[in-house]
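Please model the complete structure; the sequences and the hints are all you need to start from.
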Amino acid sequence: MSPGNSVSLVARKYNIAANRLLQGRRFMEEGANQGIESQEKLVPESSPKKLEQRIRRWSLRMK
Numbered sequence: 283m284s285p286g287n288s289v290s291l292v293a294r295k296y297n298i299a300a301n302r303l304l305q306g307r308r309f310m311e312e313g314a315n316q317g318i319e320s321q322e323k324l325v326p327e328s329s330p331k332k333l334e335q336r337i338r339r340w341s342l343r344m345k
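Count the sequence shown with the working numbering and you get residues 283 to 345, in order.
It should be emphasised that the hints constitute simulated quantities derived from the structure, not laboratory data. Check the hints yourself; a few may be wrong.
Stated by the list, open to error - Derived DEER-like restraints, expressed as beta-carbon distance ranges:
no., residue 1, residue 2, range
1, L333, F309, 17 to 23 Å
2, Q335, M310, 24 to 30 Å
3, V289, R338, 36 to 42 Å
4, R336, I298, 24 to 30 Å
5, L303, S329, 35 to 41 Å
6, P330, R294, 29 to 35 Å
7, S341, V289, 35 to 41 Å
8, N301, K332, 32 to 38 Å
Beta carbons: idealized from backbone N, C-alpha and C, even for Gly.
What follows is the structure in structure tokens.
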């Protein structure tokens, strides 16, 4: 969320329940803390590379 925006305002803008937004933010913060504590990468390095390859193949098919 941007500074100055209320949870209810953002939730209404995206048509989601405010408690879901708060829960998602809490999960994100807890996950970030766990990643820092464990010193492990949360996403394998190969995942973004595979995704980029799939996007390139898809875009070539669309041309």
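Right, here's what the structure says about each hint:
1. The given range of 17 to 23 Å is respected by L333 and F309, whose C-beta atoms sit roughly 22 Å from each other.
2. One distance hint, 24 to 30 Å for the beta-carbon pair Q335 and M310, holds here, with the actual separation near 27 Å.
3. In this structure the supplied range 36 to 42 Å holds for V289 paired with R338, their Cβ-Cβ distance being about 38 Å.
4. The beta-carbon spacing between R336 and I298, approximately 28 Å, falls within the hinted interval of 24 to 30 Å.
5. Checked against the given bound of 35 to 41 Å, the beta carbons of L303 and S329, roughly 26 Å apart, lie outside it.
6. For P330 paired with R294, a C-beta distance near 33 Å keeps the hint of 29 to 35 Å intact.
7. Between S341 and V289 the CB atoms are about 37 Å apart, so this pair conforms to the stated range of 35 to 41 Å.
8. In this structure, N301 and K332 meet the distance hint of 32 to 38 Å, their C-beta atoms being roughly 34 Å apart.
Checked against the numbered hints given earlier, this structure breaks only hint 5.
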